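Q: Position chain C with the ligands against the provided structure of chain V, taking the given hints into account.
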Amino acid sequence: MAEAKTADATASETLLRVEDLRTWFHTFSGTVKAVDGVSFSVKRGEIMGLVGESGGGKSVVGFSILGLIDPPGKIESGVIEFNGENLKDAGDARLRDIRGRDIAMVFQDPMTSLNPLHTVGEQMDEMLRLHTDMDASQRHARCVEVLEDVGISRAADRLKAYPHQFSGGMRQRVVIAIAMLAQPKLVIADEPTTALDVTIQAQILKLMRRQIRDNGASMILVTHDLAVVSEMADHITVLYCGKVVERGPTDDVIRRPSHPYTRGLIDSIPNPAHRTARLKQIPGAVPDIRKLPKGCNFQDRCPRVGAVCRESEPPLVATGARAHACHFPLKEGETQ
Amino acid sequence: MLGYTIKRLLQMIFVLWIVSVIVFLMMSFTGDPVFMVIPIDSTQAEIDQARRILGLDRSLFEQYLVFMNGMLQGDFGRSYVYRQPAMDLILERLPATMEIVVVAMIFAALVAIPLGVYAGANPNRTASRAIMSGSLLGISLPSFWVGMMLIFLLAVQWQIFPSSGRGDTVEFMGLKLSVLTLDGWYHIILPSLTLSLATMAIILRITRAGMMEVMRQDYMKFARAKGVSRRGVLYGHGLRNALIPVVTIFGLQLGDLIAFATITETIFAWPGLGKLLIDSIYRADRPVIVVYLMLVAFIFVVINFIVDMVYTWIDPRITVK
Ligand SMILES: Nc1ncnc2c1ncn2[C@@H]1O[C@H](COP(=O)(O)OP(=O)(O)OP(=O)(O)O)[C@@H](O)[C@H]1O
Ligand code: SF4
Ligand SMILES: [Mg+2]
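Going line by line, the protein sequences match chains V and C.
Each step along the first sequence adds one to the number in our numbering, with nothing skipped, and position 321 is 321.
Each step along the second sequence adds one to the number in our numbering, with nothing skipped, and position 321 is 321.
No lab work stands behind these hints: they were computed from the structure.
A portion of the hints provided could be inaccurate.
Selected chain V positions facing chain C (Cβ under 8 Å, derived; list incomplete) [said to hold, decoys possible]:
{"id": "1", "residue": "Gly100"}
{"id": "2", "residue": "Arg101"}
{"id": "3", "residue": "Leu130"}
{"id": "4", "residue": "Tyr162"}
{"id": "5", "residue": "Gly320"}
Computed footprint of chain V on chain C, listed as stretches where at least three residues anywhere in the stretch have a Cβ under 8 Å from a Cβ of chain V [claimed, not checked]:
{"id": "6", "stretch": "257 to 265"}
{"id": "7", "stretch": "307 to 314"}
Since this is a predicted model, take the numbers as computed values, not measurements.
Note that beta-carbon positions come from the ideal geometry of N, C-alpha and C, so glycine has one too.
Just chain V, same shape as in the assembly (with noise of 0.2 Å):
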């Protein structure tokens, strides 16, 4: 699935690099630094995971692609090149155009994020009507075959329905349908599966990949769950507390992952082929974010802290497809 030739990736391979972006949230009981110095990027037709535990960042990450950041938040810096424009400095009308037709999302809960008082239709049509200039035939046409290609028959029939004639599944099927519309070349999806069903999860994450597949577009996977990245992704991200802790191919990650996080992730992962005695959760809780200690953020619940753990930050060291930032990195084969 995830082959080593990142290293020598060329530019035009990459659809997305976001770069030291730096978003915050200046409240009224001090600055979060909800996403501090991230970078990653996503090269073209790659699903990328993008992990940690909540408050990690990840929604962030994903509304400042789009630049959907309200205040009080703001993107202080960083870089966000897709496609080759810097998106962070590309007015609204712009962005207006590119979101939904160059990027799109997939939300979390279906059950609220499609309109109650919009049919189907509307709300697909919409999303044609913005970005194409397809005729109400034509568009209709395409708006019942990406129906039918989600998995719902009598698409057309469908399209007259509200959002609350849907059961939870059939809604994230709308709600991807929508968002494959108008041929995105990036799909960021927020924890897309997370409100749904055990048995719904597998069957909206199996059609999410084809759907990615066929048109060749690439996808940003947000989500906490590390089992799901394992299956679907082809590198990974690690975020905690607003950084990247360690980033790299997924089947390498996981089989041999350098960060006491990421390793601490993937140990809690409740499946019996990783043979640990019995689950092992991360001790202690994420830290507010608005009075991280020195040095390490993970200092407080990592098992291999030191001294020089609680005195300086670890900066993300690469080597070759792989980045960490530790001082202390485990070894290959090494428990904690």
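A: Relative to chain V, chain C with the ligands alone:
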């Protein structure tokens, strides 16, 4: 749908019947209208005769039957004062009241909804805070004072608008209307503005509250992620979701303004229902008061029905049963 409409109609008739009973009883227990219609120095025989003519000599129940019977035939009796059918008196003045009320409501909606959407979508901006403070004024200032200030400033001081009367009217489908003439509009503006201020403030606040709630919803962000413009997101996706409570209040206020336009009509000498009502109350002109009360009840009931219909039109999840 048809079944629902029939059910609602029966409900409306029932409500109106209850109102008619209450109105009838209230009228019977408040004062004797005979002394309003006869000369002070009438003899007992004359008084008795007047009683008989007015039907006041019969039992309460008989009086009620007569009253109901008349009402069912559209006959609400003659005004003791004007000696013409009370219904005609009311209908003659209803258009004038409806005119300032409808203009006031449209005016209130046109101003309040965009401002409410703005203030709800940008709650932290200075402009939004100013709008909210303004709306607080609109709610707390009494309308008679506002009306008098408007007259003082715009009619007396700067003489932009006339201070009283209806101006030129034009006959349209049997109704005398001012909205069809320019001079009529000059006369309508001040009373309508006075009448609309409180409603405007209330609708503004309801719209804002609804929008603030709606802004948090995922579908708003999803619409933005589709590339919909800010305006499109606010008005195409947001407003409709915030509209149910706005429509509710709008309906209530509409009924309220029709029923209580009295003060404003008095200040601006607007020849509407309010003036007639006040005069009729002073003179215990029972038939006119009865028609007025029944009409207001009827209007409330109809508005209520329309509001319920509008709900189902706004929100497909609301079904009529
Ligand atoms: N509008 C906001 N105002 C203030 N803080 C915010 C805002 N949005 C996000 N944050 C903060 O930014 C941090 C990262 O949030 P984010 O939603 O990106 O986390 P996440 O990794 O997506 O978590 P989850 O798995 O819960 O979705 C959190 O600490 C959150 O409190
Ligand atoms: S830097 Fe130190 S505290 Fe941080 S993860 Fe590595 S070993 Fe643990
Ligand atoms: Mg999130």
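Q: Against each hint, give a clear statement of whether it holds in the structure.
A: Status of the hints after comparison with the structure:
1. Evaluation of the Gly100 of chain V hint against chain C yields a held restraint, the C-beta minimum of about 4 Å falling below 8 Å.
2. A hinted interface residue such as Arg101 of chain V counts as satisfied when its beta carbon comes closer than 8 Å to some beta carbon of chain C; here the least separation is about 6 Å, so the hint holds.
3. The beta carbon of Leu130 of chain V comes within 5 Å of a beta carbon in chain C, closer than 8 Å, and the hint placing it at the interface holds.
4. Against a cut-off of 8 Å between C-beta atoms, the interface hint on Tyr162 of chain V holds, since the closest Cβ of chain C lies about 5 Å away.
5. Because the closest C-beta pair between Gly320 of chain V and chain C is about 35 Å apart, greater than 8 Å, the hint is violated.
6. Under the rule that three or more residues need a Cβ within less than 8 Å of chain V, the assignment of the stretch 257 to 265 of chain C is violated, with 0 such residues.
7. Counting residues of the stretch 307 to 314 of chain C whose CB lies closer than 8 Å to any CB of chain V gives 1, which falls below the minimum of 3, so the coverage claim is violated.
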